[in-house]
Amino acid sequence: MQNSLVYGHEFEWLQTNSDQKANSTGSSQVATPIGAKVLLLYPDGIRLGDTTCDAAMVGGQQEGAGLFREVSSKSLNVPRPEYARARPVVVPPQDAARLVQSWEGTVVDVRRGKLIVRLRDLLHQQRPEERAEIPLEQLSEPDLPLVAPGAVFYWTMGYQVSPRGQRTLASDIRFRRDPPWSEADLRRAEARERELDELLGEPSAQ
Amino acid sequence: MTQASELTPEIEGVSVVLVGSFNPAIFQPQWFARMGLVRPQEAEGEACKIEIVRPEVTVCTVGPFHYEVDTVRFAASTTSLDALTSLRDLVVNTFRILEHTPLTAMGLNRHMHFKMASEADYHDVGHRLAPKALWDGLIANPGLASLQISGLSNGNRPRRFTVSVQPSSKVKPGVFIATNEEYKVEQENAPELLTLLQDNWESTQRGARTMAGELLARCLAKVTDAE
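Read top to bottom, the protein sequences are chains A and B. Take the first sequence: its position 50, counting from 1, is numbered 50 in my numbering, and each next residue is one higher. Take the second sequence: its position 87, counting from 1, is numbered 1087 in my numbering, and each next residue is one higher.
Next comes chain A alone, as it looks inside the complex (with noise of 0.2 Å):
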C-alpha cells in the first residue's frame, strides 16, 4: 500500500531551496516512494488537496529519499470546510518594530545629491503636507535607479526592539516600483481619453 503523507507550512511543508531540492523537518519520517499520494494540509488541518509524490518532491534523487511525516489513510478523508475566505495569515515571527512615523513621499526635484520632496502623512491624515530635502546616500542602493522627479516612495521611522529589548530608531525609504504599461493598460488609457474628450466635448486627437 502507498503511503499517505501531510504536510503542512508550519512545521512539515515540503521544504525546497533554490535549487529545488527537497529535504524535510519533523521527527516521525518515513521514506516516500515517487507516485505515493501526498495529502497538502494546512497546519490547522483544513484540506488544501492531493498530490502525487514527483522527482522534484524528493529532490531529484532516488525513489525513497523524500522524507514526510507518514500519517494513516484514514487522513485522506479529512473533510475540506470553507477555508477560502478572506481571513487574516500568520506572519513570520520577526524582531518587534515600533512604527513612529509614515510618510509618502513624491520626489520634486534632485539637485546636488539632495532629493527635495513632497510629504504627505500616512497616520495622521490631517496633517498639512510637507516640504523637505533628503540626502541620496539615505537611499538603498537597489531603489537609486528608481530617483527622478515625480517617483513615489515610503518613508518610515519606527523602533526596532531586538529580543534582548535594546531598542534602535531605524528610517527607511523604500521606492515604489511599478511595472511598465502593457499594451493592455495603454489600450484603456486611450479609451478613458476618449471617453472623457467625448464628455467634455472636445474632438479625440485620432
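Just so you know, these hints were derived from the structure itself, not from any lab. One or more of the hints may lead you astray.
[Claimed, not checked] Which stretches of chain B does chain A cover? Using the computed rule of at least three CB atoms under 8 Å from a CB of chain A, they are: (1) 1009-1021; (2) 1033-1039; (3) 1078-1088; (4) 1093-1102.
Every residue gets a Cβ at the ideal spot worked out from N, C-alpha and C, and that includes glycine.
Given chain A, put chain B in place with the hints provided.
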C-alpha cells in the same frame, strides 16, 4: 485617563487576502523580480526563502513580503515597517500584470500588539471586554483567551468588519488586536477589487489603528471611571 493617541502598537503588520482562482506556480520570487515588483536583491540569497512551489500551492518570502498562494486564495503579508504600504502596491501591481485572474473577494487586515502599562491594565482590558462575573461558579479563574466581534465598518459603504482580541504572545503584558475588513464583488471583477484596494488601503489601515487604540482607551477609561 489614557488617550487613544497614546496607545501605539509595539509590533504591527498588515496583510491582503484575495479570493479567486490562482495558478500558484506562477508566484515565484524571480517572477516578482523580473516584473520589477521587488528589489532584485530581495529575490535571491538570504532575503529570499522558498518554502514550497507546487502547482497546488506556493509559499515564499521575498524581502519583507511573505505570501501564500493556493488555487483559490492569495495571501500576502509583511511586518516590516518600510513595507507596510508597499504591500498594497505589490498586490495591486501583481494583479495588474495578471489582469485576467478572476477575483471575487478581498480582505484587508492589520494586526497589532499593544504593550500595557501594567499587569493590572492588561487584566482590566480582558475584564471590560468579557466581564467575569458571568462565569462565577462555572470555571475557576476565568480569563479572556480570544474574543471576536463582527459588524459593519463605518463609512459610506459599510463592509463586514471583524475585530479579534487576544493576549499578546509577543509583548508582555500586552494585548493583540487584529482587524479584518472584507470586500466582495458581485461577479468576478479583478479591476474593481484592485481599485478598492488602491483607494481604501490607507483609510482602512489608519482606521484599524485608530479603532484599536480607541477600544483599549475605552477599556482603560471605564476602569478609571469606575474607581
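These are the hints, each one checked on the structure:
no.	hint	verdict
1	1009-1021	holds (count 9)
2	1033-1039	holds (count 5)
3	1078-1088	holds (count 9)
4	1093-1102	holds (count 4)
Figure legend: structure checked against the earlier numbered hints; every hint is met.
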